[in-house]
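Engineer: We have chain P; now place chain G onto it with these hints.
Heads up: the sequence lines are chains P and G, in that order. Anchor point for the first sequence: position 388 equals 388 in my numbering, and the numbering is continuous, going up by one each time. Anchor point for the second sequence: position 85 equals 85 in my numbering, and the numbering is continuous, going up by one each time.
The set of hints was computed from the structure by calculation and includes no laboratory data. The structure displayed is predicted, hence computed values, not measured ones. Where a beta carbon is used, it is the ideal one built from N, C-alpha and C, also for glycine. Be aware that a few hints might be false.
Said to hold, decoys possible - Straight-line Cα separation of at most 16 Å, EDC-like style, residue types lysine to aspartate or glutamate; simulated pairs:
id	chain 1	residue 1	chain 2	residue 2
1	P	Lys257	G	Glu164
2	G	Lys143	G	Asp176
3	P	Lys196	G	Asp166
4	G	Lys143	G	Asp91
5	P	Lys411	G	Asp204
6	P	Lys257	G	Asp204
7	P	Lys257	G	Glu134
8	P	Lys196	G	Glu164
9	P	Lys257	G	Asp212
10	P	Lys257	G	Glu213
11	P	Lys117	P	Asp104
12	P	Lys257	G	Asp163
13	P	Lys257	G	Asp221
14	P	Lys196	G	Asp212
As the list claims (entries may be wrong) - Some, not all, of what chain P presents toward chain G, calculated at C-beta under 8 Å:
id	residue
15	Pro194
16	Ser195
17	Ser198
18	Pro244
19	Gly245
20	Arg246
21	Phe249
22	Gly254
23	Arg255
24	Ala336
25	Thr338
26	Val354
27	Arg355
28	Leu387
29	Arg389
As the list claims (entries may be wrong) - Across the chosen pairs, the derived CB separations fall in these ranges:
id	chain 1	residue 1	chain 2	residue 2	range
30	G	Thr195	P	Leu287	44 to 54 Å
31	P	Pro207	G	Ser281	55 to 65 Å
32	G	Ser193	P	Val155	53 to 63 Å
33	P	Asn121	G	Thr252	56 to 66 Å
Single-letter residue listing:
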Amino acid sequence: MRTVVSLVVLVAVLGGRAVASVPVLNGAVQYETFGYTDPNRLGSRFENFFAATLRGHGQLSSILTWQFEGRAVADDADFTAGAYSLRNESRSRPYLSLITGVLDYRPSPELRVSVGKQIVNWSAFDEIQPANLMTPRDESDVFRRVELGIPSISVHYGSGGTFAELVVVPLAFNPSRLPQGRWSLGTTIATNIPSKLSFVERQDLPPVRLNETQAGARVGTHWGGLEASVIGYVGRDTAAEFLPGRIIFTVVNGRLKPTAIQIIDHFPLLRAGGITGSYPLGERWLLRVESVYYNSPERDRDDFLHSVAGVEYALDDWRIVLNYFRDDQTVNAAEAVTNKGERRFFQSFIFGEVRYDAGRRLRGHLRVGYDANGEFPIIQPEVSYRLWRTLWVALFSEIIHASRSHYCHNKSSYFDTIRREDRVGTRIEYDF
Amino acid sequence: MFYTRPPIRPKWSPSIGYRLACALLVLLAVTVALVFGRGVLAATTSLDTLIQVLFGDLPASDGVDANNDGAITVADVVLAVPLLFEGVVSDLVPHAVNDQLVYRVTDPQGGLATETTTAVSSDPGGAFVIDDEEVDSQQQVLKHEVQSYTDTGTELLYHGYTDETDPALVSVITCDPPLLRMVMPLIAGQSFSTTIHCIITTLDGTPIGYSDETDVFTPIDIVDSIKVPLGTFTYLVHISGSRQVTGAGLETHEIYFASGVGPVLDLMTIGGQLTRSELVSGTIGGVPVVAH
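Here chain G stands alone, though its shape is the one from the complex:
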């Protein structure tokens, strides 16, 4: 899972002049929001109003409602330009120690589980560790992974994890090369892909297996709003992902990132079976996450 805060900064529009001007105004507004920091941006509920003011007088001509949702919003403007996000990884994926997100996971049979991701360490070199634990309704641990990442500024790299689901028999999964999970800037349609070889070892380093997989992520668009248990989030960055494990099936993801929060919704599909992970609660920078 990712933490995200996408300041939306469209840079260029191929459309007519007044749309370019409007887009520049949006850029200015977002930049101002950035200057005031995350808390300000996260709490900018007046953005809708601003967009309405900015675009309220736009003619309802064909092509303006780029995402065809019947409304002219900032998402339509961003859709018109390829750049979805510009900045460093930590702008989009905050990973300060103790940042935590809690998800409700609904499996294809309707079973419920709770997944909690917590940043447990972070160093100045960009390495950080996420503790990812999933428990079922009886508090039985279904998964407990300690995941290793590196944030280089422009790339988010995933190195593997320590599987502590069974505390008596901990295993370590190390991937080489590391999996590229994020590349900055995020440009719509511009995929990034990694083929990795992962080795599973016991704690003493004894190898017991390996896997090969190819992961592809494609930034898609900006989505106007999505409702999850924590509330309704707006202007989410949508990234599509696929994971092809050699000798196994294809797993696909549709992930939606909310500003200053991270992924609020992950729709995972494999073999026609859908698993939903929806944000229930969270704490970023010591502040409880609120829907916006």
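Excised from the complex, chain P in its bound form:
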């Protein structure tokens, strides 16, 4: 730590152009309570969740800035345990998380070098993000996903309308944290194993070593209103697939019997490349497109193409978004897996949002998605009311349904597992 501080001071002195500015801090606290209406739900009837977020940024010199975001959470759903988790190696989320913590060094207006824990997300979409190849998520609550920064070094160069970015995550891979409790993917798997077998899940976290270094690059240009970029990534998929593990045998009544299966949360090696683009049509319309090809040298991973296209329309206080995502499997894996995981949940998914925010006391949105292949709809309405300054109270709901228990490339439907987890909730939040 002392070395880091010395380095910062040294760089600031060498920069020698300005004195550090006063840090700017802001944040938010929120409290949510959920009620699960279906008597056949997987977890308890009520849950409570608390989160506090603190953000800060400042300037050490004219060429050196810093920023961070920290988060503290607590819940009564047993999703949270431990003070801190270094590489998301634990299934439970920690009480404290450093989401980001970055030093930005700008030796020239065109060049920025960032070191630290940072978000690297090149997707232009809100929910389904094929171009988000590097940033893991905490998906403990699958409908409350939080992006987690990755310890990395990035170099960003922009000149004229062209820009390039290189991100290197040295030595250690950081996986996404898998859904927990009622949202666990293991529940989907467990529904398909013989009832006499119990179920154990184990995370296959790659070791820290040189060849676990990940790298991503993006090159793009602005041409008129058009922004287009080409992206590439070599590393591992932050989203797990689930592999069969060694069966656990136990002596039962004098006989050796299989009593439990082990499912391995595996993060396959990944080589991905694609394009992103956005283009405004006039002042009201925005077109977006993204397409990424996923390839893996591993025998249990298919090759597939993820493409998403969308249109956004803004009218006064209203914003309407309509997107279509599809998964095209191009090469079948040599070996089957137990479950292909979240990366392959959506096969032919249309999703959109209607949002109203007039900057007054009332705001709301309705998000809807439907997968034509898996035949599952997701509906998320929310209405918020501002009680005082930035103190808001919200009423929200998540409604999940599934018409098929199995579909296409994913076989067992995760949404069929969680379709009884409909919930309504309230949230109080305050920004400062």
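Structural biologist: For chain G alone, coordinates are given in the frame of chain P:
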């Protein structure tokens, strides 16, 4: 479980001349029995008498009572030669459709269950399927497996099974390479071993686990007689087996095959706990099994 019918045909003895001659006589007698078919062999209760006639005048010299049971029988002669059985697998393991054997299973705590093995299909290529179901005294299904085998003539191969214990969640266990359960001819002390990798999948082919194990079978000897609930069987081929599942304990078996019937007794031990499977009844080739 196996079906067996071991025609005992000792071929060679290192001992003295008259013992060789006697052994050849036994070979002749058994060959004659074979010519008359299984039913004849299964019903040859006069074999004891024949052996007594053949060996009754033998001097009670050291080494003749090879299995040390105090009597000079055909088992002692067979013990003197390494070959326990010569023929094709189907001679020892008949697997005609509807062949059925029923066992009483006694667990280490004394609990009783009933295991029924039935050949449900067989094709000319040698593939056959055994339905193996075990129920407890309340008729609760403890195990229901549909096992796949191939009989190549000289080898009996086990490919895995479909676990139908829970009809709603059927799983399939497939082993590669297949497990070698029998090699012909059976020669005393000559073990055969297979290391297999088995994958468990759901009915739609989704893999949910795997296991690795090494199985070793060793033909041991011929045993004079064994009493099981169906009756007292004589001249049984004794095969010892072990199953080492990676990451789990060692399971051992002492299996005794009766002529024209199959295994009549299986003593399975793991961690010092013994489970007995004893033949209660059966039907082979449409004929009820009788002790002999």
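Engineer: None of the hints should be skipped; say for each whether it holds.
Structural biologist: Against the structure, the hints:
1. P:Lys257 to G:Glu164: The given pair, whose Cα atoms are some 15 Å apart, holds under the 16 Å limit.
2. G:Lys143 to G:Asp176: 23 Å, violated
3. P:Lys196 to G:Asp166: Given pair Lys196 (chain P), Asp166 (chain G) holds - Cα atoms ~8 Å apart, limit 16 Å.
4. G:Lys143 to G:Asp91: Answer violated: Lys143 (chain G) to Asp91 (chain G) is near 28 Å, above 16 Å.
5. P:Lys411 to G:Asp204: 9 Å, holds
6. P:Lys257 to G:Asp204: 23 Å, violated
7. P:Lys257 to G:Glu134: Roughly 14 Å between the alpha carbons, so the hint for Lys257 (chain P) and Glu134 (chain G) holds.
8. P:Lys196 to G:Glu164: Status holds; Cα separation ~11 Å.
9. P:Lys257 to G:Asp212: 13 Å, holds
10. P:Lys257 to G:Glu213: 13 Å, holds
11. P:Lys117 to P:Asp104: 11 Å, holds
12. P:Lys257 to G:Asp163: Answer holds: Lys257 (chain P) to Asp163 (chain G) is near 12 Å, not above 16 Å.
13. P:Lys257 to G:Asp221: Distance of about 29 Å is beyond 16 Å: violated.
14. P:Lys196 to G:Asp212: 20 Å, violated
15. Pro194: It holds, given that the least Cβ distance between Pro194 (chain P) and chain G is near 5 Å, below 8 Å.
16. Ser195: Hint on Ser195 (chain P): holds, closest Cβ of chain G at ~5 Å, below 8 Å.
17. Ser198: Because about 12 Å separates Ser198 (chain P) from the closest Cβ in chain G, which is outside the 8 Å limit, the hint is violated.
18. Pro244: At about 4 Å, which falls below the 8 Å cut-off, the nearest Cβ of chain G leaves the hint on Pro244 (chain P) intact, so it holds.
19. Gly245: Holds, about 6 Å.
20. Arg246: Holds - the Cβ of Arg246 (chain P) comes within 8 Å of chain G, reaching about 6 Å at its closest.
21. Phe249: Since the shortest Cβ distance to chain G is 4 Å, the answer is holds.
22. Gly254: 4 Å, holds
23. Arg255: Holds: closest Cβ of chain G sits about 6 Å from Arg255 (chain P), inside 8 Å.
24. Ala336: 5 Å, holds
25. Thr338: 6 Å, holds
26. Val354: 38 Å, violated
27. Arg355: 39 Å, violated
28. Leu387: Status violated, d = 50 Å.
29. Arg389: Violated, because the Cβ-Cβ distance from Arg389 (chain P) to chain G comes to roughly 53 Å (cut-off 8 Å).
30. G:Thr195 to P:Leu287: 44 to 54 Å: The hint (44 to 54 Å, Cβ to Cβ) is violated, given that Thr195 (chain G) and Leu287 (chain P) are roughly 59 Å apart.
31. P:Pro207 to G:Ser281: 55 to 65 Å: 58 Å, holds
32. G:Ser193 to P:Val155: 53 to 63 Å: For Ser193 (chain G) and Val155 (chain P) the Cβ distance comes to about 59 Å; the hint holds.
33. P:Asn121 to G:Thr252: 56 to 66 Å: 58 Å, holds
The structure fails to meet hints 2, 4, 6, 13, 14, 17, 26, 27, 28, 29 and 30 from the earlier list, while all remaining hints are met.
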